[in-house]
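Engineer: Take a look at the letters that make up each chain.
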Amino acid sequence: MALLEVEDLEVSLKSGRDLLKVVDGISFTIEQGETLGIVGESGCGKSLTALATMGLLGGTPIRVTGGRILFEGQDLSLLTPNQRRMIMGNQMAMIFQEPMTSLNPVYRVGDQIIEALQQHETLSQKQARDRAIELLALVRIPDPKNRINSFPHQLSGGMRQRVMIAMALACDPKLLIADEPTTALDVTVQSQILDLIVDLQKQTGMAVILISHDLGVIAETCNKVAVMYRGKVIEAADADDLFAHLRHPYTRGLLDSIPVADKEVEHLNAIKGRVPTLEEAIEGCTFNPRCPNVQQKCLSSYPSVAAFERGHEVRCHFPLEGNE
Amino acid sequence: MLAYTLRRLIAFVPTLLAASALVFLFIHLIPGDPASILLGDTATPEEIAALNQQLGFNEPIYVQYFLWLGNVLQGDFGTSVFFRQPVLSVIADGAETSIWLATMTMCWIVVIGIPIGILSATRQGTWIDQVTSGFAMLFASIPTFWLGLYLILIFAVGLGWFPTSGFPSLSDDGGLWNLRYLLLPSLTLAAPNAALIVRLVRASMLDVQREDHVRTARAKGLSPSRVAIRHVFRNALIAVAAAFGFTFAALVSEAVVTETVFSLPGIGRLVVQSILRRDYPVIQGVILIIVVLYMVINLLVDLSYARLDPRVSLK
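Top line first, the protein sequences correspond to chains Y and P.
Heads up, the first sequence stops at 324 in our numbering, and the numbers go up one at a time, no gaps.
Heads up, the second sequence stops at 315 in our numbering, and the numbers go up one at a time, no gaps.
Pulled out of the complex, with its shape left as it was, chain P reads as follows (with noise of 0.2 Å):
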């Protein structure tokens, strides 16, 4: 187990490699430059010409890659071309924002969308699993913006029940009462999420359900909930953790959504004002980032799988 995590960490290298390059290449083909955004309509060509060879734009862009690159592996993932500071300090900002609405987004989705899977599996048939298949696609059907739009409308501006819009920091005034602020903002994010864990779980629990070795859970006597959960449940688990791999890579594209519509100061918003801003360090360095933590979380998955099923040898 050992042996296989550090040769897929080795193995990170090349992807990290690659996939910057990628992004590296991509920025660089929207049309516009850093200086022109950020001098205005009104600035002339030779002062564009003069900031972005301040900036260091100027140069042929594999030179700018292996330089920047260069900087990276020492910890520097430059500056802000925006908000003239650290790149790594700007992420950070955001950063709170983005793992508290992530944190409560899996909660949300473990909770509501595991047990509903069970109660839909068990229940195969009846009207109970009828309801609950019937949200289940209509939640995964719903676009993100759509369903957080609607959210704000009724809770937030008609009812007043919460905050329309921001998050304070933890820090500040309110504390963990703050997290309000992100109830609506995770269960939009959660819902699609949560509604295709609702669909899986019950499917690979049906699945589960006609094999031999419930009939021989059965047999002893167990009662209808213990199969369901040990025997049943638990098997079907391995079919469900894969999925929080995908489920992660969703959260991602959809989070930039969510927390647009919700005027969330997290990651997901940065990335999309630095493309407007063409501030390629920033978008340099949080797509880095969100490599790398995708790849942590599917090696964690692939981990899990080896702890969910016996069967299964990490070589």
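The shape of chain Y in the complex, shown without the other chains (with noise of 0.2 Å):
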């Protein structure tokens, strides 16, 4: 049994009388230990399908509409809310883009870790105190003892995406979702949070979600792969074998939009045009007034799953051969 599994996921946005598809039948899953990236640009739907994994989309005007979602085989849209609750933060986590944003300004971040610490499981003051300073060391920051007290304003962006870590590793998850967790932060102190969810999947055995929009980023730490567009999965593959054989002409962009560290270039690369927005209807391929490969049959019929060897699924009436 999968560790998660997404079948045919449906996620919609209620405006006034329609409802609007943001994540069109989506399926993945993954297994305890796995990475699994899940990349595209903004407004594909990434950030929205980690949202209803866990469970997130209350007050907003965004509901799940279809498909399922099996945790350890439980159908998660069976739970009531208060049994949902006992999963979210304790056996998944989830941490975000904004690590400036999403800690609470009032609150030492030590009592932020403790309250975490304490929804889910019977601890005293002093354990959870304890267990909060064990976990600050565990994300590697300095001086844990002190730094328990300080609030969210006292600590750069880097220190402060760390104890979200923390905060998500609190209960040992089973699963990590992390959703653009390095996006918002500086180069060199997205690496240093990168290696450190790798470091701390390894010691956990923890399974984790990783949501870019940067391939390289996916490149380095998955070993599954995702390439969402406009709501849908167009491509997905181990991710030696997405990056040694790239299908689809989308995800071929995303690589070639990647500036070489050592080559002289007067224009970045780019796919040209932009993520159609919900209400623009595409006939065909929903990539199709972006594809330099676009045919005739693309303008008419949307593509079905072509499968490859080792489970390389894509999503392309004429998928690229190889890696040309």
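Calculated directly from the structure, the hints in this document are not laboratory data.
Ideal Cβ placement from N, Cα and C applies to all residues, glycine included.
One or more hints might be untrue.
What the hints assert, rightly or not - Quick list of the computed label-pair ranges, beta carbon to beta carbon:
1. Y/Asn223 with P/Arg230: 35 to 41 Å
2. Y/Ala261 with P/Ala306: 45 to 51 Å
3. P/Gly245 with Y/Gln32: 55 to 61 Å
4. P/Ala306 with Y/Gln192: 48 to 54 Å
5. P/Ile289 with Y/Lys14: 55 to 61 Å
6. Y/Pro61 with P/Ala250: 36 to 42 Å
7. Y/Glu121 with P/Arg230: 17 to 23 Å
Two chains, two frames, some hints: make the complex.
Structural biologist: Right, here's the structure in full:
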């Protein structure tokens, strides 16, 4: 049994009387200890997939409108909100894109970690505090005994993200969802945070879903990759296989848009156009307005999944041959 | 924090000087003088002039001001022209009523305003929110005197549950039970301010609710009520605390009306009557004390800011 199975997940935005599908039937599975990278541009549904999995869509006009999310075989949609909260922050934890604003400014970081601990475990104040200090040490915050008393505004962005990670790890989750955890950080801090997540995963054996718009980040850290475009997974494969045999022109475009450090270029490569908004209806393949290889068939029908060896799947009428 | 408080206290001095000078000048702009009001319509101009001379109101105004200021600095607020008693003891007589009225009003504002505000915010968009927001709008708009009169009409005259007016001292027969005299006045005074707090708590909670850290709190698996109180309301309190400073200013002016409607022997009514009697020393004394109170309360609000929000440092 997989740790997490997402089957045909549909997430929709209620806009007036219409339901706009933001995530349109995506499926993926993740086993204990695996790292799944979900990659795509802004607005393709990555974060909403994460929030839906976590159960944090409450209070927004966005709802899960189809499909199933199975966590350890348990269909999460069948749980009551209270049962769902027993999993949240406990077996399944999440860190967010904005470390600067994701901590409550009025509480000491230690108290925020202790709150997470005591929500799911019966610990005395002293035990919880000692555990919080251990967690801060685990995420490599120097001088954790004193730092536990800091307020968030006294810490840098990187330190705050470490605190967020410590908080997420408080109850030894089986699954950590990291939604663009390094996007708001300096480049040097980015790699430290990624290394930290990778190391912690090795230590704890948890599974990680890493969401990023940066294929480079995904390539460094993940063993499975799902590329999303406009609410659908358009290419999914093991990381090694994906980077060895890119099949979808969109994935190719994402990879080409990473600048190479030792090559002088006049223009950075970019995928032309932009992600179409939800209201824009597109006949055929939703990538066709931006695709360099677009052909007649792409304008009329949406491609179904084409499977290649080693479970490499792609939604394209004319997948690229290997790594051209 | 201590240094900040001391500096703020020192800054009181120029403010008080300016306030006292303004009050002094404005009172003397009112037509009429104490002597002609004391002596009534039948007095001759000579009698009036003689009494004004005796009371010291014939001196040039700046001389009067500095004489008065000199005395105030020595703790002597002068003698009431009307009561023939020291101003401070006249004020002390009214203070009991006003302090109890203010205390009860503040209790109502907190006890009614904050929970209803929280309820309204956490049930945003439901009928509960619409009803509470509607009532808040209504009570924020009703004039104090109108509400006071109707409460008297319904609960005191009609149902006979409460006394219509007046307030015997708590040291008289009845003791604390005498506070029932202040129930309707304090509710009258609390209504518009509690309504304001309801709206403010609701609005600031809805603002905080959208912040990222609230999502983090929910991601920990905290119950919705814990998120609402510990993470949303707690942070919204920072904005609400600021409002309490303004509420005090509103209370002072509304208390004047309320005490008049309910014939309460408080400071508010004392000011109104003293103005009618041109009792300059009492007016000056009361206003000076209100100014000091206002400054102290705003200092406390600023200090509470630093307690509520660790990002605020008082320098």
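Engineer: Does each hint hold? Answer for all of them.
Structural biologist: Evaluated hints:
1. Y/Asn223 with P/Arg230: 35 to 41 Å: Because 39 Å falls inside the window, the suggested range holds.
2. Y/Ala261 with P/Ala306: 45 to 51 Å: holds (48 Å)
3. P/Gly245 with Y/Gln32: 55 to 61 Å: The hinted range 55 to 61 Å holds for P/Gly245 and Y/Gln32, with Cβ atoms some 56 Å apart.
4. P/Ala306 with Y/Gln192: 48 to 54 Å: violated (34 Å)
5. P/Ile289 with Y/Lys14: 55 to 61 Å: holds (57 Å)
6. Y/Pro61 with P/Ala250: 36 to 42 Å: Between Y/Pro61 and P/Ala250, where Cβ atoms are some 38 Å apart, the hint holds.
7. Y/Glu121 with P/Arg230: 17 to 23 Å: At roughly 18 Å between Cβ atoms, P/Arg230 and Y/Glu121 fall inside 17 to 23 Å, so the hint holds.
In the structure shown, a violation is registered for the earlier hint numbered 4 alone.
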